[in-house]
Amino acid sequence: MASSSYHTVAASGTSTVVPRSQGSSWASIVSGQPSRPRISSTTSTGLRTQRNGSYANLSDLGSQSGRYYNTALSNAFNTQSKLSRLPVSLPSYLEDSLYAEKLDAVRDSSWVSTVPSRTPSYTSVGLHAAQSRGTGLKLDVKDTIPSPDDDLPTPLPTKWNNDDRSGGIEVSQDGLNVQFSGPTKVNEYDSASVRADYSIPRSCGVYYFEVAIMNKSREGLISIGFCGADVQLNRLPGWEPNSWGYHGDDGKSFCCSGMGKAYGPQFNSKDVIGCGINFRTHTAFFTRNGQMLGTAFREIPNDRKLFPAVGMKKPGEHIRVNFGQEEFSFDIDGYVKAERKSAFQEIGDSQVESLCPPLDETALIQSLVSSYLQHDGFVETAKAFAQDLQAEQNALSNNGKSRPLELMEDENAIHRQNIRTAILEGDIDKALEFTQRHYPDVLSLNEQINFRLRCRKFIEMMRRSAETTNGRKKVPPSTSKRRAFDAYGDEEDEDVDMDGGDNRSDMDVDEPAPITGPAAPDLNMLGKVLEYGRQLQEDFKDKPELQEEMEQVFSLFAYSDPMTSPMAHLLSEEGRGPVAEALNSAILVSLGKSSKAPLERLVQQTTVLLRELGEEGGPASFVNLHHWIHNLEFLPSS
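Using UniProt numbering, read the sequence shown as starting at 1 and increasing by one per residue.
Treat the hints as calculated values from the structure; they're not laboratory data. Take these hints with a grain of salt, some might be off.
PhoX-like mimics (lysine-lysine), calculated; alpha carbons at most 25 Å apart, straight line [unchecked claim]:
1) K270 - K252
2) K270 - K305
3) K430 - K270
4) K159 - K305
5) K159 - K314
6) K159 - K383
7) K528 - K430
8) K541 - K528
9) K261 - K159
10) K383 - K593
11) K543 - K528
12) K261 - K337
13) K252 - K337
Just so we're clear, the structure is a prediction, and the values are computed from it rather than from any experiment.
Start from the sequences and build out the full structure, keeping to the hints where you can.
Take a look at the structure:
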């Protein structure tokens, strides 16, 4: 029996069956002795209604804190409601599909991350990871992922729909078992069918489910297949237009009519029948007890919603479905791997010489990498890359001469790199100082960038306060010696406090002496953080488009320990990367350059095209671009 691992996507407050054993749990169910599945449970940390500890008397720090708490509570509940619509588990054969990428994008978007999960996602890739580290491709997926108000990806089928069945069908409480409950004597055409709760997303590329025949009478008739939402359910799948089915009494396949074609063997009690749809080839196939039976249907339309369906017509007939909650009998992972290899072969056969003549494929790739390094201010890396390429080309050239890679000496790249480094290190004041010195108009002309920087400064203050209070690590004093540049460009030592000593806020923030263990909360520090928050709110009170993000940041005040709260993701160092990228882009625009490197634009355009094409279930549905990029492999191994 094929063994297939399953990956959990845990929504808050849910329990997900995640079979990972090497045994035959699906077979044991068929045999009548089901094994007990493993349960992976996750429970949201939640918002505490009793605010104790260092933030017990928030009113002593400011009346606004109660409003922040209520906002956090509302945001968490709203987000939980949206997350409940997402699939909570994903079969392993779908992990590299476009469907998986769409779920990853929604899960990693900022509005979803307000509800944490202790269970890793079904892939090891987080789209914000590359952004936060400040290296690699910046996959700006927020231009293409759904917002909270947009439709989320269609959930995968999870059970039979008790509200979408014929009157002669009984569905078990868990929605997995179906029994015939109609009259003993029926005419030739009467039967009872049921559809699954959700349609099959074409972006899966391939979708597969299995049905165990728990009981079938000698003269019984069970049909397994799929159909549209408008198909009558008093007929077996395959007999009606927009309906396809494999019938167990005669082994025939029925395609939208009562005239069947010889297809496979009859099936009986204890058999496991699998049904798969290949949206790339527009075909459907069936399996029996883990063995492929071949293509049953061709030219499956891609312009309508299709639902898994099962029908029966004799008393005592009983089936149980496996939509991915158990291991499959058939090696669907191997089948999908072969289909993905075919899709990637089409990609590999493409010619790129016409994209940017006169560059060939190798020269184009080198140019994209070089321009990316220069664009993002990796000056020394760009120089080293150019030198290595030059040496390689000289070694391969007959005359020892070759065309060097164009490399622009750019002093601004050094400034941008310094600003970027400061933000990634959490030193927002230093970043603001360098920005004001070298690009004084950028922040005044980009209010949202200025807002994000100041919000990040507030977060860094909260982070330092929380770390100090909980003694998580040694926190350095606020004033420290660092190298700076005076107005004449000479270096000098200066004392710099957390607020940078400039006119960007109305307060100075001094941090306490180093703390290495648990300590009582520093109300003086908390008061200064709150005061900075008030100033931030005052400065942007007339900007309604920024209020939601600001309230989310301020909700950190609602927790006695923000570092372990549902809003802890705001304090993560990973949040620094997107801010650094946004400021870098704004600086580039002010210099008359593109805000994105050609390589970034290429990746983004490819992502959009893949998602649009993959929605129809073609070869693009097998390409999870972000997965392949982050795992540094572009073609699946043979």
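Comparing the hints with the structure gives:
1. Taken as a hint, the K270 and K252 pair is honoured in the structure, with Cα atoms around 19 Å apart against an allowance of 25 Å.
2. At most 25 Å may separate the alpha-carbon atoms for a hinted pair to count; K270 and K305 exceed this at roughly 30 Å.
3. For the proposed pair K430 and K270, the alpha carbon gap of about 70 Å is over 25 Å, so the pair is violated.
4. Restraint check for K159 and K305: the C-alpha separation of about 17 Å stays at or below 25 Å, so the hint holds.
5. Annotation: proposed proximity of K159 to K314 holds, straight-line Cα distance about 22 Å (limit 25 Å).
6. Simply put, K159 and K383 have alpha-carbon atoms about 58 Å apart, too far for the 25 Å limit, and the pair is violated.
7. At roughly 19 Å between alpha-carbon atoms, K528 and K430 fall within 25 Å of each other, so this suggested pair holds.
8. Simply put, K541 and K528 have alpha-carbon atoms about 20 Å apart, close enough for the 25 Å limit, and the pair holds.
9. Distance restraint check for K261 and K159: the Cα-Cα separation of roughly 29 Å exceeds the 25 Å cut-off, and the hinted pair is therefore not satisfied.
10. For the hint pairing K383 with K593, the CA-to-CA distance comes to about 20 Å; that is within 25 Å, so the pair holds.
11. Restraint check: the Cα-Cα separation between K543 and K528 comes to about 24 Å, which is no more than 25 Å; the hinted pair holds.
12. Distance check on the hinted pair: K261 and K337 sit about 29 Å apart at the alpha-carbon level, beyond 25 Å; violated.
13. At roughly 28 Å between alpha-carbon atoms, K252 and K337 are farther apart than 25 Å, so this suggested pair is violated.
Of the numbered hints listed earlier, those contradicted by the structure are 2, 3, 6, 9, 12 and 13.
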